[in-house]
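Numbering of the sequence shown is given in this note's numbering, commencing with residue 16 and proceeding in unit increments.
Hints are computed from structural coordinates only; laboratory data are not their basis.
Accuracy of the hints is not assured; some may be wrong.
As the list claims (entries may be wrong) - Just the calculated beta-carbon pair ranges, DEER-fashion:
(1) R18 - L64: 26 to 34 Å
(2) Q68 - Q28: 37 to 45 Å
(3) A69 - R18: 38 to 46 Å
(4) R36 - Q56: 35 to 43 Å
(5) R40 - E88: 51 to 59 Å
(6) D61 - R32: 28 to 36 Å
Just so it is clear, CB atoms sit at the ideal spot from N, CA and C, and this is done for glycine as well.
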Amino acid sequence: MVRTQIYLTEIEQQALRVLARRTGRTQSELIREAIDRFIAQAEQTDRRLLLQQARGLWQNRTDLPDFAALRREFDRSTLEFE
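Build out the structure end to end from the sequences listed, making use of the hints.
And the structure:
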């Protein structure tokens, strides 16, 4: 672990101290958990944004095969092996 110094308001510090006492966990544990959740949420948001940006990417392409026809062909070929 890497030691990091942060500044909290008095209200944040007091609430964190109460929460730590109530849960039996250290303030550091609570801060790390909060940071982990924040990072996970940010990564989820980034992923969602990328997917939204990619939506319709191939929409007007004419050089792509007919995916519905390919799927039907695949489905027929897999039925032969059953």
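Here's how the hints hold up against the structure:
| no. | hint | verdict |
| --- | --- | --- |
| 1 | R18 - L64: 26 to 34 Å | holds (33 Å) |
| 2 | Q68 - Q28: 37 to 45 Å | holds (40 Å) |
| 3 | A69 - R18: 38 to 46 Å | holds (40 Å) |
| 4 | R36 - Q56: 35 to 43 Å | violated (26 Å) |
| 5 | R40 - E88: 51 to 59 Å | holds (57 Å) |
| 6 | D61 - R32: 28 to 36 Å | holds (33 Å) |
Hint 4 alone, counting from the list given before, is not met by this structure.
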